[in-house]
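Q: Here is how the chains run, residue by residue.
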Amino acid sequence: MAKSALLKSSLAKKYWMAFTGLFLCLFLVGHLFGNLQLLLPVSEMAKDQFNEYALFMTTNPAVKVLSYVTYISIIFHAIDGLLLTIHNRKARPQGYVNFKPSTNSKWSSRNMGILGTVILAFIVIHMSMFWAEMKFGGLDDTLYTTANGEEVKDLYTLTIKTFQDAQYGLLWAIAYGVAMLAIGFHLSHGFASGFQSLGVNHPKYNGFIRKTGYAFAVLVPLAFAVIPFYIHFVLEKI
Amino acid sequence: MGIFESNAPKGPLAEKWVNHKNDINLVNPANKRNIDVIVVGTGLAGGSAAATLAELGYNVKTFCYQDSPRRAHSIAAQGGINAAKNYQGDGDSVYRLFYDTIKGGDYRSRESNVYRLAEVSGNIIDQCVAQGVPFAREYGGLLDNRSFGGVLVSRTFYAKGQTGQQLLLGAYSAMNRQINRGKIQTFNRHEMLDVVKVNGKARGIIARDLVTGKLERHSAHAVVIASGGYGNVFFLSTNAMGSNVTASWKIHKKGAYFANPCFTQIHPTCIPVSGDHQSKLTLMSESLRNDGRIWVPKKKEDAEAIRAGKKKPTELSEEERDYYLERRYPAFGNLVPRDVASRAAKERCDAGFGVNKTGEAVYLDFSSAIMRYGKEAATTRKLDNPSDADIKKLGKEVVEAKYGNLFQMYEKIVDQNPYETPMMIYPAVHYTMGGVWVDYNLQTTIPGCFAIGEANFSDHGANRLGASALMQGLADGYFVLPYTIGHALSEDIRTGKIPTDTPEFEAAENEVRAQLEKLINTKGTKSVDHFHKILGKIMWNKVGMARNATGLKEAISEIQALREEFWKDVRVPGTANEMNAELEKAGRVADFLELGELFAKDALHREESCGGHFREEHQTEEGEALRDDENFMYVAAWEYTGKPADAILHKEELDYEDIEVKTRSYK
Amino acid sequence: MNLTLKIWRQKNAEAKGKMTTYQVSDISTDMSFLEMMDVLNEQLIAKGEEPVAFDHDCREGICGSCNLQINGEPHGPDRGVTTCQLHMRKFKDGDTIVIEPFRAKAFPVIKDLVVDRTSFDRIQQAGGYISVNTSGNTQDANSIPVDKESADMSFYAATCIGCGACVAACKNASAMLFTSAKVSQFSLLPQGEVEADRRVLAMVEQMDKEGFGNCTNTGACEIECPKGISLENIARMNRDYLKASVK
Chain X
467 MAKSALLKSS
477 LAKKYWMAFT
487 GLFLCLFLVG
497 HLFGNLQLLL
507 PVSEMAKDQF
517 NEYALFMTTN
527 PAVKVLSYVT
537 YISIIFHAID
547 GLLLTIHNRK
557 ARPQGYVNFK
567 PSTNSKWSSR
577 NMGILGTVIL
587 AFIVIHMSMF
597 WAEMKFGGLD
607 DTLYTTANGE
617 EVKDLYTLTI
627 KTFQDAQYGL
637 LWAIAYGVAM
647 LAIGFHLSHG
657 FASGFQSLGV
667 NHPKYNGFIR
677 KTGYAFAVLV
687 PLAFAVIPFY
697 IHFVLEKI
Chain A
773 MGIFESNAPK
783 GPLAEKWVNH
793 KNDINLVNPA
803 NKRNIDVIVV
813 GTGLAGGSAA
823 ATLAELGYNV
833 KTFCYQDSPR
843 RAHSIAAQGG
853 INAAKNYQGD
863 GDSVYRLFYD
873 TIKGGDYRSR
883 ESNVYRLAEV
893 SGNIIDQCVA
903 QGVPFAREYG
913 GLLDNRSFGG
923 VLVSRTFYAK
933 GQTGQQLLLG
943 AYSAMNRQIN
953 RGKIQTFNRH
963 EMLDVVKVNG
973 KARGIIARDL
983 VTGKLERHSA
993 HAVVIASGGY
1003 GNVFFLSTNA
1013 MGSNVTASWK
1023 IHKKGAYFAN
1033 PCFTQIHPTC
1043 IPVSGDHQSK
1053 LTLMSESLRN
1063 DGRIWVPKKK
1073 EDAEAIRAGK
1083 KKPTELSEEE
1093 RDYYLERRYP
1103 AFGNLVPRDV
1113 ASRAAKERCD
1123 AGFGVNKTGE
1133 AVYLDFSSAI
1143 MRYGKEAATT
1153 RKLDNPSDAD
1163 IKKLGKEVVE
1173 AKYGNLFQMY
1183 EKIVDQNPYE
1193 TPMMIYPAVH
1203 YTMGGVWVDY
1213 NLQTTIPGCF
1223 AIGEANFSDH
1233 GANRLGASAL
1243 MQGLADGYFV
1253 LPYTIGHALS
1263 EDIRTGKIPT
1273 DTPEFEAAEN
1283 EVRAQLEKLI
1293 NTKGTKSVDH
1303 FHKILGKIMW
1313 NKVGMARNAT
1323 GLKEAISEIQ
1333 ALREEFWKDV
1343 RVPGTANEMN
1353 AELEKAGRVA
1363 DFLELGELFA
1373 KDALHREESC
1383 GGHFREEHQT
1393 EEGEALRDDE
1403 NFMYVAAWEY
1413 TGKPADAILH
1423 KEELDYEDIE
1433 VKTRSYK
Chain Z
5 MNLTLKIWRQ
15 KNAEAKGKMT
25 TYQVSDISTD
35 MSFLEMMDVL
45 NEQLIAKGEE
55 PVAFDHDCRE
65 GICGSCNLQI
75 NGEPHGPDRG
85 VTTCQLHMRK
95 FKDGDTIVIE
105 PFRAKAFPVI
115 KDLVVDRTSF
125 DRIQQAGGYI
135 SVNTSGNTQD
145 ANSIPVDKES
155 ADMSFYAATC
165 IGCGACVAAC
175 KNASAMLFTS
185 AKVSQFSLLP
195 QGEVEADRRV
205 LAMVEQMDKE
215 GFGNCTNTGA
225 CEIECPKGIS
235 LENIARMNRD
245 YLKASVK
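Residue numbers (the numbering used here), protein chains in the order written: chain X, 467 to 704; chain A, 773 to 1439; chain Z, 5 to 251.
Take the hints with a grain of salt, since some may be wrong.
As the list claims (entries may be wrong) - Facing chain A, from chain Z, some residues (calculated, C-beta under 8 Å): (1) 68; (2) 93; (3) 115; (4) 125.
To be verified - Here are the simulated distance ranges between beta carbons: (5) A:1285 to Z:243: 51 to 57 Å; (6) A:1278 to Z:156: 52 to 58 Å; (7) A:1325 to Z:50: 29 to 35 Å; (8) A:1278 to Z:251: 53 to 59 Å.
No lab work stands behind these hints, which were simulated from the structure alone.
Note that the structure is a prediction, hence the values are computed from the model and not measured.
Beta carbons are placed, not taken as given, at the ideal position from N, Cα and C, and that holds for glycine.
Please build the complete structure, drawing on both the sequences and the hints.
A: Rendered as structure tokens:
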């Protein structure tokens, strides 16, 4: 029983959701540190630094392993979430005429599926804009050699130009902002919820976990969201 | 008659049970597999009996009208459970518990049964702890005790204010283990509507599936009735809405004697009735009387003004208040026993001093306690010249720590803040000491039919002590019946499965069906509750806290007339072949309408006052109960012969070998 | 008070139900919600109609029988009370009150507002007990000291009355709060620790079989629970189950 329990049971679904979700939180932090480099004043050095970082992230074997774990986590998190939603819908085939969940729970906690779908859509678009370009040859003709002598693709210019585009730059920035809002709400429930699912609940530490969760849900997406707007409005045009 | 013998074993009191266990017949484990037992009711007694019998190897079927065994009304018991563990080292012993119970019951219970109850009380606690019942504990990890109901030792084990629920969950978990093993089959949402006798022995029941309305035949080698008390004959009581006498009454009509029906406990501290809509009364723990002072206004005009809402109780000065318990019983004051406190409240309200809209309520006032505790707290905290407001605030904190949850419950129901204005309380029917007559083996006068828990009459005499009901239910179910039933079942090892396609089952089923159809087809004009409420009023006014011959005779004829009208004019909508709550109620009220009469008849015949039974003709000059040991030291066991009026009285004389019979006084 | 009631009526388990509107008048604010329902039923009986079926028994908030979804919330708008303890003073003259049965696949409707909650019983039968026989000579109750904190936590878990409000309130119709309370009640005590692994695995397996939804930690159950059972129990069950599964 014990073995199948960890694959099939309702609790197993929760564990996987929590494991992958919390792992993705870590990923977010890593990703954010990379992105913050985009806030540097426009210069050859900033460009080199960012592009070398991008190369490192796509070629370093350790990072590669991590990135595969991340992809798998995202896919697993999404599929598990979908299965959960289907399962949960089935648990109440006939709904209420009058149902007032707002009296007893937060909107974000009840709409993780919708928020997750928005986030997933964002991830697909986001990856096709940058990651796929980098990976599948879209940037092959931008190859150049940095001051450190590394041969890199110029993801930096693509990124900055995307958000500085006269026609669509602001729209992209807004779209990214909205996606970050969704991530923020998703995290505002998901972070603490992940701990609860893994059984970490103690009156002494619950307040800390919850507050950290809220702080994380506000600060991380906010920092992400600031970058495109900064590039659009503040950063020197290239 | 051979069946009407107490069968109490001979020998010294303390050895009776041990010797009896050694003497009675046992059933070999292999044979137990071939023996079926039906248990009706799944409260503390029924649940614990079912679990234990199944564990021993019998095939058990349980029946309850609720949707789960866990909902039986034992669950509502608040206070605690007594056991002679002497964990506090305050001199408690089996003998002392036995003695307190006999004396508390006003010397109207069977000595040998009560001694056995006290003897197994300690085992109950061991068993419950082993099952995981979360009793209150001290910081050292050992069990906590409190004192209860005017006894001199602390022997009450408790789980906050819900000991009943925790003990029932314990019994229910023991049942679950046996259900999982396939040894108990549960029939929830089923109601037993008759017992089936084959060759004079109880061999099964007719039950109605309350969801489909289908009548079912269930056979067994023995039938155990654990269906609780009959307090709902008063309509308003602290019993659950569904609590009923039907199972007990059906076996009574088939030959089981009914003992001491007039012994009913009326609990003094309940939330008063607020109007005609009231369906049920809520108990407030007796512990409130430790600190609350009970009073009514001295002047009738004040009482009238309060009833009309023109005056507030807090406006009356000390001189304008009548602390009637302190006045009448200077020694015990507000802490007189339940029966005395209840009667005194009724006396004041009947005289026109009641304080709520209906005129049936007295005050339970915590203001002096608040000030007293406040002063103590101020002294402890070394406050100089504290203001009255400060003292009050400190006092409220102390009272809140002690009774906070009760005060909160009161405020939810009554919508008044008991810290600011006195609580209103009034007595309410709470427990029935009377019930099906059983012998020492808990067997009724129908061989093979047993009665346990509140359903039987055996252990509490004329008055029950606090925290003893839970003890008796579990003693019967865990430790007494499982032994004694074996004695009877040892005759059945070769009987084989009892068939249900026999004329006896056929006849019983037809009889049940005929009654159901009659109820449906009467198609009268008045609802079942209409009759139940009238019956309740008759019982309360004439067979309640104080009774007299005239009233009792009136009650008997009024109940007879009401019963006749019921069968002519009751309206039960719907059919018998579906879930039909009105039909269920109708059947139960039909039985209450018969029991009520026997109840009054028993009260009329018992020309003495004892325990919960107070006859106005039999009181001292000061208005205290006057027992007549010479003529009434017996159990009145009634035999049914066609109607309650014709019931035949059988007397089981009570012999007290080990204790001296005394008068109770609280002056 | 005069009120408009919209009540789910359904003849039996197979029938299709619908909302029906009723008027009740002269409702006293002192009445409990179920007494108001009694008034409605007396009115229906007098008119020759079938009264509304609903579960109720002790009417003092402990048996867990009553289970009405009132204006979108289990046991109505008040907190920490069961339906029988909800009083009409929580409503205003002229209010419309919507009354539905608790909804969940695992709680099929039997009639009107009565649902079948035997799924709860089956979860407990799967392992909600300590395997000890009634022998009369188990060890003395005080031979196993239990620290007060564990005893109290076990007690708080055990205060669950099995009414099903947690399932009714949960958007996923999940029974995690109930199951975890029943698991915790035993696993917190030394007596119950011995078979804790087997118990949690069996009870969760049964819970899943019954068709309850999964927990997404919205916390609605804890808020609506008339006995205030804590989410801590769910976390404890998550922990215990994880431990038991990897062993």
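Q: Does each hint hold? Answer for all of them.
A: A quick look at each hint next to the structure:
| no. | hint | result |
| --- | --- | --- |
| 1 | 68 | 6 Å, holds |
| 2 | 93 | 6 Å, holds |
| 3 | 115 | 5 Å, holds |
| 4 | 125 | 5 Å, holds |
| 5 | A:1285 to Z:243: 51 to 57 Å | 55 Å, holds |
| 6 | A:1278 to Z:156: 52 to 58 Å | 56 Å, holds |
| 7 | A:1325 to Z:50: 29 to 35 Å | 34 Å, holds |
| 8 | A:1278 to Z:251: 53 to 59 Å | 57 Å, holds |
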